[in-house]
Amino acid sequence: MELSNCKRCTLLPSLGLLPVLKRLIIEGMDVIEAVGYEFYGGQDCFPLLEELVFRNMLNWKEWTSPTRSEGEFPCLYRFLIQNCPKLLGQLPSNLSSLKELDVRSCNAMLLKSMDDRASLANLRIKGISELTCLPMSMSLPSLKELYMENCNGVLLNCIVNLTSLTKLRIRAIAELTCLPKSFTQSLIALEILDIGYCNDLTCLWEEGAEIEQSLLPFNLKHLSLKQCRALESLPNAMMVQMDGSSSSNTGMLMLRLEKLEISGCDSIKSFPRGKLPITLKYLRLADCQGLGSLPDSDSDTNSNLHLEISNLPCLYSFECCHQLPAFLKRFAICGCEWVESFPEKMLQHCTGLQSISICECKILKSLPTLNWVSNLVELSIASCELLKSFPNTMYQLKSLRSLSMEDCPGIEFIPDGGLPLSLTDLAFLDCKNLKFLPSTMYQLQSLQRLWLEDCLSIEFIPDGGLAPNLTDLRLDCMNLKYIPRTMDRLTSLQRLTIPGGALIMGLQNLTSLQELTIEQKLPLDIVLPSFLASLEIKNEENLKFIPGGLFQNLNSFQKLWIIDCQKLQSLPMEAFPPSLGELYISRCPLLKRQRFEAKGDYWTLTCTIPNVEIDEDEDEDLMFEDLGAC
1 MELSNCKRCT LLPSLGLLPV LKRLIIEGMD VIEAVGYEFY GGQDCFPLLE ELVFRNMLNW
61 KEWTSPTRSE GEFPCLYRFL IQNCPKLLGQ LPSNLSSLKE LDVRSCNAML LKSMDDRASL
121 ANLRIKGISE LTCLPMSMSL PSLKELYMEN CNGVLLNCIV NLTSLTKLRI RAIAELTCLP
181 KSFTQSLIAL EILDIGYCND LTCLWEEGAE IEQSLLPFNL KHLSLKQCRA LESLPNAMMV
241 QMDGSSSSNT GMLMLRLEKL EISGCDSIKS FPRGKLPITL KYLRLADCQG LGSLPDSDSD
301 TNSNLHLEIS NLPCLYSFEC CHQLPAFLKR FAICGCEWVE SFPEKMLQHC TGLQSISICE
361 CKILKSLPTL NWVSNLVELS IASCELLKSF PNTMYQLKSL RSLSMEDCPG IEFIPDGGLP
421 LSLTDLAFLD CKNLKFLPST MYQLQSLQRL WLEDCLSIEF IPDGGLAPNL TDLRLDCMNL
481 KYIPRTMDRL TSLQRLTIPG GALIMGLQNL TSLQELTIEQ KLPLDIVLPS FLASLEIKNE
541 ENLKFIPGGL FQNLNSFQKL WIIDCQKLQS LPMEAFPPSL GELYISRCPL LKRQRFEAKG
601 DYWTLTCTIP NVEIDEDEDE DLMFEDLGAC
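If you read the sequence shown in my numbering, its first letter stands for residue 1, the second for the next number, and so on.
No lab work stands behind these hints, which were simulated from the structure alone. Among the clues, some could well be false.
To be verified - Straight line, CA to CA, 20 Å or less: simulated SDA-like cross-link-like pairs of lysine to any residue:
| id | residue 1 | residue 2 |
| --- | --- | --- |
| 1 | 181 | 160 |
| 2 | 435 | 459 |
| 3 | 167 | 153 |
| 4 | 432 | 413 |
As the structure is a computational prediction, the values presented were derived from the model and not from experiment.
When you get a sec, could you build the whole thing from the sequences and use the hints?
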């Protein structure tokens with residue numbers, strides 16, 4: 001049940017008498033100043049209520065609850081109270097089933113009145129900057145998740161004994177320079193620590209000879225630091241010395257750390273001395289203006305590491321870390337505009353590397369040598385404007401299955417050695433100067449998906465033919481004039497996108513084709529494959545009508561999409577097969593929506609096709625569904 005914005009309501013009804021009510025939201029009741037016994041309606045109230053929300057009650061000042069013996073909210077699991085700034089009364093006390101408490105933008109006195117919450121598992125406090133302490137009687141032995149945002153950092157000093165806490169998220173905590181010892185010493189179960197937008201934070205916790213080992217959360221699995229501009233250092237306990245010992249003065253290690261994310265921390269210039277922990281699986285470094293080097297590594301580093309680098313302007317080259325972690329599994333670098341090249345032997349020991357992704361490296365001129373990465377499965381390059389060539393030995397990558405190039409105008413050709421025979425997925429998108437594919441395309445027996453899109457310099461496909469086992473072919477290049485006549489031998493092809501004109505003759509021989517997209521020109525004498533299920537016609541400037549014979553013998557035809565056909569005036573009403581279940585028309589100004597409504601000349605189509613959608617404008621559409629019974 002939801003009661004919302006009842007501006008003249010002065011008294012809540014006796015909702016506690018509703019015996020099966022499970023969810024109740026009350027918001028925007030601006031006149032209400034008190035909630036009392038009338039809300040409950042007597043004893044044994046709200047017997048099944050599980051979720052209770054009070055939101056935007058701007059003048060609510062007092063909440064009077066029944067006594068404990070009357071058993072209020074016996075099943076309440078989640079309680080949220082938000083933007084009730086004048087409420088000073090005590091929250092209900094007899095909430096034995098409460099697991100989630102969420103208090104946002106309320107008066108600090110509201111939380112100070114809380115008593116023991118032994119059952120609470122999830123606590124969220126947001127926008128209560130005046131709150132500096134919790135009541136001494138408040139104990140949270142079962143708390144597993146704590147979220148604090150826009151609060152006073154002093155509050156952390158009085159939240160202690162959180163021995164069950166596994167997830168801690170902190171956002172925009174004022175005057176927090178480091179996590180206090182009294183807070184961290186009980187975090188023995190903490191697995192996720194996520195700190196963001198704490199502008200005064202300089203370190204996570206104090207590290208020195210006097211610190212006790214028990215003060216640090218050594219069971220961390222996920223550490224995330226975001227937009228902490230003053231943060232200068234990372235925990236020494238995170239790194240391992242070359243002899244296997246800890247870099248911290250305690251001698252302790254974070255032996256379970258699996259995921260480390262650091263972004264927007266401009267004051268961090270380097271990692272602590274030592275190696276990454278062997279448990280680490282994911283490392284992301286992004287938007288750190290001062291970080292000029294990557295962490296050290298050797299052959300003992302984790303065998304399943306994913307490294308992602310983005311927008312590190314001080315990382316002019318990788319010479320400072322001439323070798324990446326030896327058993328790196330995935331490597332992604334994006335937005336590092338000062339990287340011109342990679343060291344020759346950067347990947348020398350990365351024998352387990354399976355994926356490389358490079359994007360938005362504006363002055364990158366060459367790719368790293370790939371001879372070392374014999375197990376590489378995926379290679380993706382995007383928005384590298386000065387990149388002019390592939391490695392000549394790329395054909396030797398016998399495990400490579402996916403190759404994608406996007407927005408790389410410097411690429412004009414593929415090396416003479418050709419492409420790896422292991423490829424199953426090949427895409428060239430918006431590579432404006434790529435002139436042709438290799439003549440050995442027919443040798444790619446494993447290739448199933450080939451996409452060529454907006455490659456303006458491609459005018460033909462090699463005479464040798466296409467990969468014979470393609471299932472998905474997209475030839476969306478406006479200047480393409482010629483393709484091999486052997487295309488009709490692609491008996492496994494299921495999806496095809498192609499420019500119109502003479503290029504699409506012989507489609508009836510593609511016996512497996514299910515989905516066809518035709519752009520720019522639809523030949524009026526085209527013959528479609530008999531098992532075709534879907535047809536999309538796009539960007540046909542001169543098309544005025546669709547020939548009725550187009551749909552002959554299409555017994556399995558289900559979907560027709562027509563997009564951006566500015567001159568299209570009519571549809572073949574009697575020619576559509578009875579199997580057609582979806583008709584979508586977009587940006588065809590002469591096919592007005594009114595023509596598909598009652599008394600329109602296409603009203604019959606609306607009644608017989610289960611799903612008809614006419615989209616006249618980009619931001620406006622109208623759907624007619626299930627009108628077959630007109």
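message: Of the numbered hints stated earlier in the document, which are not met by this structure?
response: Per hint list: zero violations.
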